[in-house]
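In order, the protein sequence lines correspond to chains A and B. For my numbering, add 25 to where a residue sits in the first sequence, where the first one is 1. For my numbering, add 10 to where a residue sits in the second sequence, where the first one is 1.
These aren't lab readings, by the way, just hints derived from the structure by calculation. The structure presented is a predicted model; accordingly, all values stated were derived computationally and were not measured. From the three backbone atoms N, C-alpha and C, an ideal C-beta is built for every residue, glycine too. Treat each hint with caution, since some may be false.
[Unchecked claim] Result set (DSBU-like, lysine-lysine): computed pairs, CA atoms no more than 30 Å apart in a straight line:
hint, chain 1, residue 1, chain 2, residue 2
1, B, 98, A, 58
2, A, 32, B, 104
3, B, 53, A, 54
4, A, 54, B, 98
[Claimed, not checked] Partial list, derived from the structure: chain A residues whose beta carbon lies under 10 Å from chain B:
hint, residue
5, 34
6, 57
7, 121
8, 124
9, 132
10, 136
11, 137
12, 138
13, 140
14, 143
15, 194
16, 197
17, 201
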Amino acid sequence: MGQRSSKVQITDNDRAILQLKRSKDEIHKFTRKTDQLITAERAKLKQMIKENPEKYKKDVKVRFLLKRIHYQDHLLQQAMEQLINLENLVSTLEFKLVEIQFIKGLERGNEILTKLNKEFKNVDELMDNVQEQISYQNEIDDVLAHSVVGVDNFEAELDKELEQLDREINPQPVVHMPSTDKLPELKSEPVGIPEDSSKLENDRANVEEPIIAE
Amino acid sequence: MTDPSTVLPAIYSFPPLYTRQPNAIIRRQQIASWIDLVLAYCKSQNFWCMTLEGVPVDEYNKSRISIFINSEIQRSVPQVFVEEIWSKMCEEGKAMGTETGRKDSSQYYVLWRTLDSWASLVLQWFENSGKLNQVVTIYELAQGDETADWEFHGMPEPLLAHCIKPLCQRNRATLIKDERGKPVATKVV
Numbered sequence: 026m027g028q029r030s031s032k033v034q035i036t037d038n039d040r041a042i043l044q045l046k047r048s049k050d051e052i053h054k055f056t057r058k059t060d061q062l063i064t065a066e067r068a069k070l071k072q073m074i075k076e077n078p079e080k081y082k083k084d085v086k087v088r089f090l091l092k093r094i095h096y097q098d099h100l101l102q103q104a105m106e107q108l109i110n111l112e113n114l115v116s117t118l119e120f121k122l123v124e125i126q127f128i129k130g131l132e133r134g135n136e137i138l139t140k141l142n143k144e145f146k147n148v149d150e151l152m153d154n155v156q157e158q159i160s161y162q163n164e165i166d167d168v169l170a171h172s173v174v175g176v177d178n179f180e181a182e183l184d185k186e187l188e189q190l191d192r193e194i195n196p197q198p199v200v201h202m203p204s205t206d207k208l209p210e211l212k213s214e215p216v217g218i219p220e221d222s223s224k225l226e227n228d229r230a231n232v233e234e235p236i237i238a239e
Numbered sequence: 011m012t013d014p015s016t017v018l019p020a021i022y023s024f025p026p027l028y029t030r031q032p033n034a035i036i037r038r039q040q041i042a043s044w045i046d047l048v049l050a051y052c053k054s055q056n057f058w059c060m061t062l063e064g065v066p067v068d069e070y071n072k073s074r075i076s077i078f079i080n081s082e083i084q085r086s087v088p089q090v091f092v093e094e095i096w097s098k099m100c101e102e103g104k105a106m107g108t109e110t111g112r113k114d115s116s117q118y119y120v121l122w123r124t125l126d127s128w129a130s131l132v133l134q135w136f137e138n139s140g141k142l143n144q145v146v147t148i149y150e151l152a153q154g155d156e157t158a159d160w161e162f163h164g165m166p167e168p169l170l171a172h173c174i175k176p177l178c179q180r181n182r183a184t185l186i187k188d189e190r191g192k193p194v195a196t197k198v199v
């Protein structure tokens with residue numbers, strides 16, 4: 026919508042409508058003129074009747090004037106109808122012009138759509154290709170993932186080996202549980218059991234501690 | 011027939027207004043007052059055109075009296091001074107000779123709005139009534155039923171064509187001429 030870009034174009038359609046509108050204007054002018062004439066003549070008629078109240082009905086001039094008014098009235102009616110016709114015609118034309126724009130728009134849209142669809146012609150090949158590429162990519166991913174897993178196993182093996190070495194170097198301390206062989210036989214009286222059991226428990230805790238620590 | 015003195019402010023009946031004042035500053039003021047009077051009179055009565063003598067011109071050719079003659083106070087402006095007022099009005103763009111290209115004209119269009127202002131009003135009508143991009147005859151603009159409520163309704167067609175010219179210069183409109191080169195229609199976009 027640049028204001029400087031181009032002059033307003035007058036098309037042939039515009040000229041045709043102009044011709045129509047000019048004739049419409051002529052009729053419009055005519056109806057105005059006739060309307061004024063009728064008003065003036067009616068006023069004149071009234072004046073004549075007023076001047077000659079008794080025998081105005083027989084006056085030729087009065088009758089003639091009334092006839093004239095009727096005739097003009099008839100013309101006015103006709104002109105009005107023509108005016109309406111012309112106005113309708115102009116509206117129809119204008120609507121048709123809009124319709125042409127509509128058709129042109131459709132055509133243009135269709136053209137572009139076909140063009141765009143053409144771009145999709147190789148779409149099957151393209152999709153196949155894409156599928157191929159994706160499976161290839163998956164393959165690569167798998168290979169890469171496998172080698173990574175291998176490294177993981179290797180690490181675990183290393184750990185195992187190191188542990189074994191560690192065990193060889195630092196042998197597990199042998200836990201000597203107290204023997205019950207040389208202990209005297211338990212008496213049947215329950216005296217002293219609380220002291221004994223607590224002491225036993227303490228001893229066991231002492232022995233077990235290094236194992237927990239390890 | 012409307013007597014100018016009934017619609018114009020009291021200064022219209024001020025006798026010294028009718029004598030050309032010798033002092034340049036006062037005379038400038040006097041001419042400005044006259045211009046205001048002419049514009050106000052034409053606007054109130056919807057006169058578009060006046061003769062050189064200040065008699066309004068309209069299509070019905072009713073006899074009218076000049077604005078420069080005030081019968082009430084028995085004064086009239088001398089013709090030489092009237093011409094001075096017209097030339098000042100033309101200079102300020104408030105009047106325009108009906109015969110374009112000639113400086114002295116026997117009739118003048120009275121522009122109580124400037125041409126540009128009329129142009130915008132016409133453009134506004136086109137926009138409001140959805141007539142953009144359509145051919146509209148000048149007659150339709152001036153006399154058609156659709157413009158009846160607008161200030162430019164009844165404007166003489168040649169003057170209306172002048173009012174559309176500023177739109178043409180802005181490339182918003184084109185004037186279409188008939189076989190004799192008279193502008194008959196316009197198309198506004």
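Going down the list of hints, with the structure as the test:
For the hint linking residue 98 of chain B to residue 58 of chain A, the alpha-carbon distance of about 38 Å lies beyond 30 Å, and the restraint is violated. Distance check on the hinted pair: residue 32 of chain A and residue 104 of chain B sit about 29 Å apart at the alpha-carbon level, within 30 Å; holds. Between residue 53 of chain B and residue 54 of chain A, the direct Cα distance comes to roughly 25 Å. Compliance with the 30 Å bound is thereby established for this hinted pair. Our distance criterion of 30 Å between C-alpha atoms is broken by residue 54 of chain A and residue 98 of chain B, whose separation comes to about 36 Å.
Proximity of residue 34 of chain A to chain B holds as hinted, the smallest CB-CB distance being about 8 Å (cut-off 10 Å). The restraint placing residue 57 of chain A at the interface with chain B holds, with a minimum CB-CB distance near 8 Å, inside the 10 Å limit. Among the interface hints, the one on residue 121 of chain A is violated; its C-beta lies about 13 Å from the nearest C-beta in chain B, farther than the 10 Å criterion. Here the hint on residue 124 of chain A is broken, as its CB sits about 15 Å from the closest CB of chain B, past 10 Å.
At about 20 Å, the closest approach between the beta carbon of residue 132 of chain A and any beta carbon in chain B exceeds 10 Å, and the interface hint on this residue is violated. For residue 136 of chain A, the interface hint is violated, since its Cβ never comes within 10 Å of a Cβ in chain B; the closest pair sits about 24 Å apart. At a threshold of 10 Å, the smallest CB-CB gap from residue 137 of chain A to chain B is about 25 Å, leaving the interface hint violated. Of the supplied interface hints, the one on residue 138 of chain A is violated, with its beta-carbon coming no nearer than about 28 Å to a beta-carbon of chain B, more than 10 Å.
Checking residue 140 of chain A against chain B: minimum C-beta separation of about 29 Å lies over 10 Å; hint violated. About 35 Å separates the beta-carbon of residue 143 of chain A from the nearest beta-carbon of chain B, more than 10 Å, and the hint is not met. Here the hint on residue 194 of chain A is broken, as its CB sits about 100 Å from the closest CB of chain B, past 10 Å. For residue 197 of chain A, the interface hint is violated, since its Cβ never comes within 10 Å of a Cβ in chain B; the closest pair sits about 102 Å apart.
Among the interface hints, the one on residue 201 of chain A is violated; its C-beta lies about 112 Å from the nearest C-beta in chain B, farther than the 10 Å criterion.
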